[in-house]
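Residue numbers (the numbering used here), protein chains in the order written: chain A, 1 to 400; chain B, 1 to 277.
Because the hints were derived from the structure by calculation, they are not lab data.
Note that the structure is a prediction, hence the values are computed from the model and not measured.
From the three backbone atoms N, C-alpha and C, an ideal C-beta is built for every residue, glycine too.
Treat the hints with care, since some could be wrong.
Claimed, not checked - Partial selection, computed: residues in chain A whose CB lies under 7 Å from chain B:
#	residue
1	Asp5
2	Gly7
3	Gln12
4	Ala315
5	Arg316
6	Ile394
What the hints assert, rightly or not - If we take Cβ atoms under 8 Å as the criterion, some of the chain B residues that face chain A in the derived model are:
#	residue
7	Ile33
8	Phe94
9	Leu111
Chain by chain, the residues:
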Amino acid sequence: MLLADSGRFAIQAIISHRLRSFLTLLGIAVGIAAVILLTSIGEGVHQFVLKEFTQFGTNVIGISPGKVKTGGQPPTGFPTTARLLTIEDARALKKLPNVTGSSPTVWGNSEVEANGRLRRSTIYGVDADFINVFSAKVQTGSFLPSEGAGSSRAFVVLGSKLRKELFGTENPLGARVRIGGLHFRVIGILEPKGQFLGIDLDDTAYIPAERALELYNREGLMEIHVLYKEGTSSVAVADAVKKRLKLRHGREDFTITTQEDMLKTLSNILNILTMAVGALGGISLLVGSVGIVTIMTISVTERTNEIGLLVALGARRRTILGLFLSESVILAVLGGAMGLLLGIGLAQSLHLLMPTFPVHTPWSFAFIALVISGVIGLLAGVLPAVSASRLDPIEALRAE
Amino acid sequence: MPDESLISLSDINRTFYLGDSKVHALRNVDLNIARGEYIAVMGPSGSGKSTLLNLIGLLDRPDEGTYKLEGRDVTTLDADELAAVRSERIGFIFQSFHLVPRLTAAANIELPLVLSGFPAAERVKRVSQALKEYGLTDRANHRPNELSGGQRQRVAIARATILRPAVLLADEPTGNLDRVTGEEVVKLLEKLNAQGMTLIVVTHDQALGARARRQIRMEDGGIASDVTNSHVEANDASRDGLPTDIIPSVDIPTDNAQTVPVEPVSSLPASRQPNEG
Chain A
1 MLLADSGRFA IQAIISHRLR SFLTLLGIAV GIAAVILLTS IGEGVHQFVL
51 KEFTQFGTNV IGISPGKVKT GGQPPTGFPT TARLLTIEDA RALKKLPNVT
101 GSSPTVWGNS EVEANGRLRR STIYGVDADF INVFSAKVQT GSFLPSEGAG
151 SSRAFVVLGS KLRKELFGTE NPLGARVRIG GLHFRVIGIL EPKGQFLGID
201 LDDTAYIPAE RALELYNREG LMEIHVLYKE GTSSVAVADA VKKRLKLRHG
251 REDFTITTQE DMLKTLSNIL NILTMAVGAL GGISLLVGSV GIVTIMTISV
301 TERTNEIGLL VALGARRRTI LGLFLSESVI LAVLGGAMGL LLGIGLAQSL
351 HLLMPTFPVH TPWSFAFIAL VISGVIGLLA GVLPAVSASR LDPIEALRAE
Chain B
1 MPDESLISLS DINRTFYLGD SKVHALRNVD LNIARGEYIA VMGPSGSGKS
51 TLLNLIGLLD RPDEGTYKLE GRDVTTLDAD ELAAVRSERI GFIFQSFHLV
101 PRLTAAANIE LPLVLSGFPA AERVKRVSQA LKEYGLTDRA NHRPNELSGG
151 QRQRVAIARA TILRPAVLLA DEPTGNLDRV TGEEVVKLLE KLNAQGMTLI
201 VVTHDQALGA RARRQIRMED GGIASDVTNS HVEANDASRD GLPTDIIPSV
251 DIPTDNAQTV PVEPVSSLPA SRQPNEG
């Protein structure tokens, strides 16, 4: 029997029970739609979170003190045997090939007082390169100047939110600001940067790292951010950084995390999240496929007579197996296609209703959904089709 | 075995197990059937005539004995080879027609061609020819439930003969038809036989059985009597010499057939119910 003919025969059988076939493939459709919708949301969240992280630039390497295998650093104030990262370390890294900037980083939370107002904000101790690391832009004035070791002047650059809270619409340039017990002069305002995972990036003040060490009474930096040329291998740069720091420290007592690594790890975590929600949708897909098994079993029982006839007319067992298998595959794939449209439709209307809600349907998902529904049809059809092909033709012809 | 023997059964035994009891459906059956014969197999229910028919039609295998079809031992063939032989050499006609309800008359007739993988163009040609020969051209796109009983059986006969089989096996072909329509169907079958197709009819109907040249009566799984009606054979001697593999050009009185009312199956007399041989 030709393949096209088996397909046609199967479609005729499906069409002859319109309502029943429709309800069966609706089961698959709902399952596929659920999987598509949930994974679309998962993928949307994935892309949203990655975008949040990549707003700082992807060509950044972070170095933190202490050798750990995963990201992060020992809690502040916790005594470790690790040698501290110093401002000199950060300066030394600036000279490496392909490195376009390197900024020491210290942060903390302090009271900021100016213009007769007081506010608690996040204070970053950085240097001139940080603006590139952070992909920030200066709105007015300038960012911290690059200065020789030990001679950083007490300048501060304000985030837009902090500026508004302290100075309102007044021009703060040149104004004096007290942070903790130290006094600073405002030399610049940054453009608004928005939020990052719920943290307001504009409610901040940037001061020279040396001043921040003084302010927080620390001896070492919390992190060094190294910025490298776009298009250079992060591994090569990380290696060079590692070599240089080992030379300075005598051993590897620091941890290098490239933004790329971090994004990869994050991406993996988010993929697992997407798969988990997809699996939830998969449960309804499973129920849908049980529906196909049920309807195919009923179909075989109903058409026992016809199966007997086909055998009498010289159909091979394999042909009968193929007929019933193609019927269940066609049912499932039709359901899958319907579910795909339904799922994408739902995801898009969700996106229209809530434009901020991250939804994204990759084409690969659509393709995979169709393949999966085909496989489901095949698996669901096996049992009924095998029982059809094993019927005794004499009994089958006699059946009413 | 002589060459002219189409079907040759020797020492065939077939036993079924129904629960704990053993049913000897066929006992030591020896039977030779020549090309072009017209045979009626009769006997009471449970005498083994349906089993014999199924066996000849290769739907069943004997437990013992040899079955040669056209000189070829078919008892040793595997399932796929049997399917091929069934498709090419054997045509079945059933009491309840066994048409696929969702397919049109034309599609039902086309089924054997589809199963054998004929290309579409060839199928269309053959089906339209068959529709014409059996007077069904204007019913081609009707589904079985829109056809009269006689038309249904004609569709079934067209389907059984479209691949020009060597032997036509009919199990109570008139069992579900009224007398007039049944008569037409029998005439059609006899016409096919007259043109060289071997015809084996299993029936309860004495009148129908009496029309066959050779009558085989079965009892308790064995052949009780095997009578050849010489005067009938003499009438049809002209059939010899006709090629066996041509499609017969059958002339059916179509108008007549369409006016015949269809008799509902449920109202059939008990004697016409399918036998379980």
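So, Asp5 of chain A near chain B? Judge it on the closest CB pair being under 7 Å. It holds, given that the least Cβ distance between Asp5 of chain A and chain B is near 5 Å, below 7 Å.
Was the hint right that Ile394 of chain A lines chain B, CB cutoff 7 Å? holds (5 Å)
Does Ala315 of chain A pass the interface check with chain B, least Cβ-Cβ distance below 7 Å? holds (5 Å)
Go through the hint on Phe94 of chain B and say holds or violated, using the shortest Cβ distance to chain A against 8 Å. holds (7 Å)
Satisfaction of the Gln12 of chain A interface hint, Cβ to chain B closer than 7 Å: Holds, about 6 Å.
Does the CB of Gly7 of chain A sit less than 7 Å away from some CB of chain B? Since chain B brings no Cβ nearer than about 12 Å to Gly7 of chain A, farther than 7 Å, the hint is violated.
Using the nearest Cβ pair, does Arg316 of chain A come within less than 7 Å of chain B? holds (5 Å)
Chain A contact restraint for Leu111 of chain B - C-beta distance below 8 Å: Where the cut-off is 8 Å and the nearest Cβ of chain A is about 6 Å from Leu111 of chain B, the hint holds.
Tell me if Ile33 of chain B is really an interface residue toward chain A, meaning its C-beta lies closer than 8 Å to one of theirs. Since chain A brings no Cβ nearer than about 19 Å to Ile33 of chain B, farther than 8 Å, the hint is violated.
Violated hints, listed in ascending order, are 2, 7; each of the other numbered hints is respected by the structure.
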